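As given, the protein sequences belong to chains D and P, one line each in that order.
Sequential numbering from 1 applies to the first sequence in the numbering used here.
Sequential numbering from 1 applies to the second sequence in the numbering used here.
In the DSS-like style, the derived pairs of lysine-lysine whose C-alpha atoms are separated by at most 27 Å in a straight line are:
no., chain 1, residue 1, chain 2, residue 2
1, P, K86, P, K252
2, P, K165, D, K139
3, D, K126, P, K86
4, P, K165, P, K252
5, D, K249, D, K302
6, D, K289, D, K249
7, P, K86, D, K139
8, D, K139, D, K126
9, D, K289, D, K302
Ranges between beta-carbon positions, derived for each pair:
no., chain 1, residue 1, chain 2, residue 2, range
10, D, A129, P, G89, 18 to 28 Å
11, P, M35, D, A16, 46 to 56 Å
12, D, A16, P, R102, 30 to 40 Å
13, P, M35, D, A129, 33 to 43 Å
14, D, R181, P, Y251, 38 to 48 Å
15, P, G89, D, Y265, 43 to 53 Å
16, D, E116, P, R102, 29 to 39 Å
17, P, R249, D, G288, 52 to 62 Å
18, D, N109, P, L178, 43 to 53 Å
19, D, G59, P, T33, 49 to 59 Å
20, P, L238, D, R178, 45 to 55 Å
21, D, R132, P, T33, 19 to 29 Å
These are calculated hints, taken from the structure and not from any lab test.
The model shown is predicted, which means the values in this text are computed figures rather than measured ones.
No residue lacks a Cβ here, since even glycine has one placed at the ideal position from N, Cα and C.
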Amino acid sequence: MFPSISVRQITKRFGAVQALAGVDLEVAQGEFFGLLGPNGAGKTTLISALAGLVRADSGNIEIMGHDVVADYRGARRQLGVVPQELVFDPFFSVREMLKFQSGYFGIRNNDAWIDEILENLDLTAKAGANMRALSGGMKRRVLVAQALVHRPPVIVLDEPTAGVDVELRQALWQFIRRLNRDGHTVVLTTHYLEEAENLCSRIAMLKEGRIVALDSTANLLNRFSSHALRFRLASGSSLPQTLAGRASKESGQNGNAWTLAFDRYEEIEPVLAELRAAGCVLDEFEIGKPDLEEVFVRVMRKEQA
Amino acid sequence: MNLIGTGFATLLHKEILRFWRVSFQTVAAPVLTAMLYLLIFSHVLDEHMRVYETVPYTAFLVPGLVMMSVLQNAFANSSSSLIQSKVTGSIIFVLLPPISYRSFYFAFMLAAVARGLVVGLGVLLTTIWFAPLRCDNLLWILCFALLGGAILGSLGVIGGIWADKFDQLAGFQNFIILPLTFLSGVFYSIHSLPPFWQQLSHFNPIFYMIDGFRYGFFGVSDVSPWQSLAIVTACFVLLSLLTLEMLKRGYKLRT
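Please build the complete structure, drawing on both the sequences and the hints.
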């Protein structure tokens with residue numbers, strides 16, 4: 001089975017800026033894939049290259065086996081893109097926009113699917129409303145609806161939840177998860193790393209146009225993050241010398257809050273025993289799980305070094 | 001499923017609906033402007049000017065104003081639609097789907113022709129009461145109206161793609177399209193000009209559109225309608241090829 005997205009040695013330069021510097025990437029069919037990176041890393045350029053909005057200087061891209069240049073019609077039919085910017089056509093209603101979008105993809109009589117999308121994105125009541133009359137969150141939903149109107153097997157979401165309230169965010173992810181369960185490949189870029197951690201089974205991290213990390217979310221968490229034992233000592237207690245080498249002070253906590261990394265839960269009890277033996281009293285105690293934010297920061301710092 | 005046909009038809013429908021939704025601005029306003037031109041110019045000049053032997057000045061003016069409206073509005077339609085969607089970012093909705101560059105061009109160009117013809121018809125219907133107008137040959141009238149609208153619609157696509165901001169497009173419209181239109185013989189016959197300006201007018205393609213269009217009404221013109229048709233057709237073919245090449249390369253649309 002061919003991959004849903006295949007990117008081979010893509011480069012793109014805008015003047016002095018090397019936006020993409022030889023990106024290689026494959027996304028399997030049915031995957032929920034995360035594309036992360038700081039601003040200017042090349043995420044949007046890569047997505048634009050997938051969508052045919054940006055023409056790569058070298059390399060090639062295939063969507064479901066269709067080359068985005070040589071067979072652009074085939075490739076675009078397979079792809080639905082939710083753009084980052086809140087763009088809309090002020091002349092038309094929500095339903096009209098969705099009908100036009102269907103027509104652009106060669107689909108007539110798409111009303112049943114349009115109704116289903118509107119229902120799932122809680123837009124039914126706004127179907128007849130002009131785009132100008134919608135709130136930012138509603139406009140975002142319409143962008144999602146437009147990307148899905150031709151039932152693309154590959155859906156690319158470029159920061160779809162930026163500036164979106166919690167309720168819509170949850171509804172949106174519920175719907176996108178369902179589409180993913182139904183077999184649609186989903187590629188997500190987001191600055192909300194918690195979302196990516198919860199949703200994506202595999203993640204690529206981009207920096208300065210290069211992929212600096214590419215692995216399953218679980219492997220990235222294991223490799224670059226660990227469990228953390230966080231505790232605050234009561235006033236009068238001081239950290240035993242035996243733990244001084246392993247624990248690090250948390251900044252801004254009056255110097256009495258500490259973090260200690262560990263891999264297995266069995267490592268917690270000996271630490272607590274040492275604290276008890278030293279007569280320490282704990283004011284606060286917390287076990288932190290590995291998180292993608294830590295992975296992200298570490299990967300980006302590592303690349304900087 | 002005819003993908004190209006459906007994409008083209010949808011885009012054409014959308015572009016026509018776009019100007020029709022704001023017809024007060026896109027149709028009624030230019031009709032009123034043309035009527036004011038007619039009232040002012042005919043009031044001032046009708047007694048003093050006779051362009052062709054048998055044609056009163058006001059009657060001579062009507063086809064010129066109709067054609068000028070067709071041309072200006074065809075240009076305005078495609079150029080404003082493109083620059084607006086580029087500036088707001090909504091151009092992405094037609095760049096993401098599998099619409100071919102040919103479908104893209106013909107949809108924008110034909111919608112521009114449609115607006116030009118609607119406005120032109122509006123001008124004709126409102127000004128026809130002010131002068132005895134005859135129709136010598138409807139075919140010439142339709143032929144030049146369609147070709148003229150298509151040429152200016154194509155120029156609008158070029159202008160809309162080339163311009164990055166409204167200011168640049170306004171420059172294109174005010175410093176190229178408007179002077180060429182006003183100096184094309186809408187308000188006068190080039191035979192009334194000094195020899196130098198008469199010669200210069202022959203380099204203005206809009207002159208041939210107006211002259212050929214007017215021939216359809218009166219059966220008389222400054223140059224042969226066949227010469228006008230040849231020049232106008234050549235202009236249309238060249239501009240179409242240029243626009244298609246720009247779209248094929250993705251000039252300023254696909255970076």
